[in-house]
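2 protein chains.
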Amino acid sequence: MNQLEICFSPELIHLHDLEGKIVVVVDIFRATSTMIAALANGIEEIQTFADLESCRSMREKGYLIAGERNGKTVEGFDLGNSPVAFLEEYYGGKKLAMTTTNGTLAISKSQSADEILIGAFPNFSATIRYIQAQQKDVLIHCAGWKGRFNLEDSLYAGALAKALESTHSSDDDGALSMKTLFEKEGHQLKQYLSKASHAKRLQNQGIEKDIDFCLTLDLYDLVGKVVNDRVRPISF
Amino acid sequence: MNQLEICFSPELIHLHDLEGKIVVVVDIFRATSTMIAALANGIEEIQTFADLESCRSMREKGYLIAGERNGKTVEGFDLGNSPVAFLEEYYGGKKLAMTTTNGTLAISKSQSADEILIGAFPNFSATIRYIQAQQKDVLIHCAGWKGRFNLEDSLYAGALAKALESTHSSDDDGALSMKTLFEKEGHQLKQYLSKASHAKRLQNQGIEKDIDFCLTLDLYDLVGKVVNDRVRPISF
Numbered sequence: 006m007n008q009l010e011i012c013f014s015p016e017l018i019h020l021h022d023l024e025g026k027i028v029v030v031v032d033i034f035r036a037t038s039t040m041i042a043a044l045a046n047g048i049e050e051i052q053t054f055a056d057l058e059s060c061r062s063m064r065e066k067g068y069l070i071a072g073e074r075n076g077k078t079v080e081g082f083d084l085g086n087s088p089v090a091f092l093e094e095y096y097g098g099k100k101l102a103m104t105t106t107n108g109t110l111a112i113s114k115s116q117s118a119d120e121i122l123i124g125a126f127p128n129f130s131a132t133i134r135y136i137q138a139q140q141k142d143v144l145i146h147c148a149g150w151k152g153r154f155n156l157e158d159s160l161y162a163g164a165l166a167k168a169l170e171s172t173h174s175s176d177d178d179g180a181l182s183m184k185t186l187f188e189k190e191g192h193q194l195k196q197y198l199s200k201a202s203h204a205k206r207l208q209n210q211g212i213e214k215d216i217d218f219c220l221t222l223d224l225y226d227l228v229g230k231v232v233n234d235r236v237r238p239i240s241f
Numbered sequence: 006m007n008q009l010e011i012c013f014s015p016e017l018i019h020l021h022d023l024e025g026k027i028v029v030v031v032d033i034f035r036a037t038s039t040m041i042a043a044l045a046n047g048i049e050e051i052q053t054f055a056d057l058e059s060c061r062s063m064r065e066k067g068y069l070i071a072g073e074r075n076g077k078t079v080e081g082f083d084l085g086n087s088p089v090a091f092l093e094e095y096y097g098g099k100k101l102a103m104t105t106t107n108g109t110l111a112i113s114k115s116q117s118a119d120e121i122l123i124g125a126f127p128n129f130s131a132t133i134r135y136i137q138a139q140q141k142d143v144l145i146h147c148a149g150w151k152g153r154f155n156l157e158d159s160l161y162a163g164a165l166a167k168a169l170e171s172t173h174s175s176d177d178d179g180a181l182s183m184k185t186l187f188e189k190e191g192h193q194l195k196q197y198l199s200k201a202s203h204a205k206r207l208q209n210q211g212i213e214k215d216i217d218f219c220l221t222l223d224l225y226d227l228v229g230k231v232v233n234d235r236v237r238p239i240s241f
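If you read the sequences in order, they're chains G and D.
By our numbering, the letter at position 196 of the first sequence is numbered 201, and the numbering carries on one by one without gaps.
By our numbering, the letter at position 52 of the second sequence is numbered 57, and the numbering carries on one by one without gaps.
Rather than coming from a laboratory, the hints here were simulated on the basis of the structure.
Don't take every hint at face value.
Which copy is meant is left open, so a pair is good if it fits within one copy or across any two.
[As the list claims (entries may be wrong)] Cut-off 25 Å, straight-line C-alpha distance, at most; resulting in silico cross-link-like pairs (SDA-like, lysine to any residue):
| hint | residue 1 | residue 2 |
| --- | --- | --- |
| 1 | Lys214 | Glu24 |
| 2 | Lys230 | Ser174 |
| 3 | Lys151 | His19 |
| 4 | Lys77 | Gln52 |
| 5 | Lys205 | Gln8 |
| 6 | Lys167 | Lys189 |
| 7 | Lys205 | Thr185 |
| 8 | Lys205 | Met6 |
| 9 | Lys151 | Gln8 |
| 10 | Lys200 | Asp223 |
| 11 | Lys151 | Gly47 |
| 12 | Lys214 | Phe129 |
| 13 | Lys205 | His21 |
| 14 | Lys151 | Ser113 |
| 15 | Lys205 | Leu20 |
| 16 | Lys214 | Asp176 |
Only chain G is shown next, with the shape it has when bound in the complex (with noise of 0.2 Å):
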């Protein structure tokens, strides 16, 4: 059996040794779940940014740039941080610089990894197929908010543990804790999350539709992948 452990925030996962493992970076709110609506829906690459300027320059690349401020598209950008905008349009060949501060951080922060993948539940079971044809024991690293645990990024992680359990055992309290919360909650998973935190900031933004897409699962038969520094859409 390989080896499942769970780490709840960037902030932490310097105590974890990430060295031939696969890690998968989870921001289900929102960024994690654009990046797959955005490769899903045709875009063959992303590179995120921690600030809007780094993002903004790379439009003279031709890349789409995607950013958000304060529930708002940023003036000039062409797509805000929410994914059902990627659901409008198909973007074949494009390739897209996007902004996300927790994201970007804990992807930053998996370098080390043998593989960094991009989790979320509209590509849940295709993820956890690709991980069990590897063989590796897996780190799942959770963007957190602001260094802080997150429920929704956790119950995520508490999912892919359970989901994973005929090849990968845990004896990480974080992956038990979290595998009991999904049982306990997992059937009702968007009326549990509308207590949390960063739901609750989302829906006073008038984001409904953005929370039903990032809670739906297997939408998508891909995988997403960083390569590079870049997402990229793998086909196994």
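Given the coordinates of chain G, work out where chain D should sit on it, guided by the hints.
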């Protein structure tokens, strides 16, 4: 309503503002449980030390010294880190110096709080009553295990968050998830925690009696509070 939040590790405490709050430091297996056992059996104050030698030097000042390495009492020390050892004798008026790495760190990183309490199951209800008499915000600071999330401290935090629901609300994801976990597993705490990583380590050391003690509710009607870097029993 006052607010309540949970911090899962001393490595994350810098993300929280402690000012004006009651911080409850918790290291269930076994530092804070041992402190409560010691206070309940006559010890009038406890100083904690991260290293053995500083602890040993307190003997000259008339302190009892308690320390353990690899499951055994350190040579020349009066006691180990076992809470049940304190139940065998009455230590009226004595002072205690003890070593604990995770616990000492959590206490020292809580200094900016208005009050620091010592959390343990054997004085659970007394701590609840004390907190509810103060009308302050609460942060539960889990000592964790080498910086990582651990199950027993987090479940205690969930139990406390749940017991304080009538006076302390929370929009903190950590509190929400641990309350849920305690609702699901609280009725079989020992059985559930036997799967946890640190409980497994302790079981390997043959200290089943310590585990039982650490998970027993309301043996004592006292509160442990840190005053001038010393843990003391307080009346209220």
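A quick look at each hint next to the structure:
| no. | hint | in the structure |
| --- | --- | --- |
| 1 | Lys214 - Glu24 | neither (38 Å within a copy, 38 Å between copies) |
| 2 | Lys230 - Ser174 | within (23 Å within a copy, 40 Å between copies) |
| 3 | Lys151 - His19 | both (16 Å within a copy, 11 Å between copies) |
| 4 | Lys77 - Gln52 | within (20 Å within a copy, 53 Å between copies) |
| 5 | Lys205 - Gln8 | between (34 Å within a copy, 17 Å between copies) |
| 6 | Lys167 - Lys189 | both (12 Å within a copy, 17 Å between copies) |
| 7 | Lys205 - Thr185 | both (23 Å within a copy, 18 Å between copies) |
| 8 | Lys205 - Met6 | between (39 Å within a copy, 19 Å between copies) |
| 9 | Lys151 - Gln8 | between (28 Å within a copy, 19 Å between copies) |
| 10 | Lys200 - Asp223 | within (24 Å within a copy, 31 Å between copies) |
| 11 | Lys151 - Gly47 | neither (30 Å within a copy, 44 Å between copies) |
| 12 | Lys214 - Phe129 | within (19 Å within a copy, 43 Å between copies) |
| 13 | Lys205 - His21 | between (31 Å within a copy, 20 Å between copies) |
| 14 | Lys151 - Ser113 | both (15 Å within a copy, 23 Å between copies) |
| 15 | Lys205 - Leu20 | between (30 Å within a copy, 20 Å between copies) |
| 16 | Lys214 - Asp176 | between (37 Å within a copy, 22 Å between copies) |
Hints 1, 11 from the list above are not met by this structure, while the remaining hints are.
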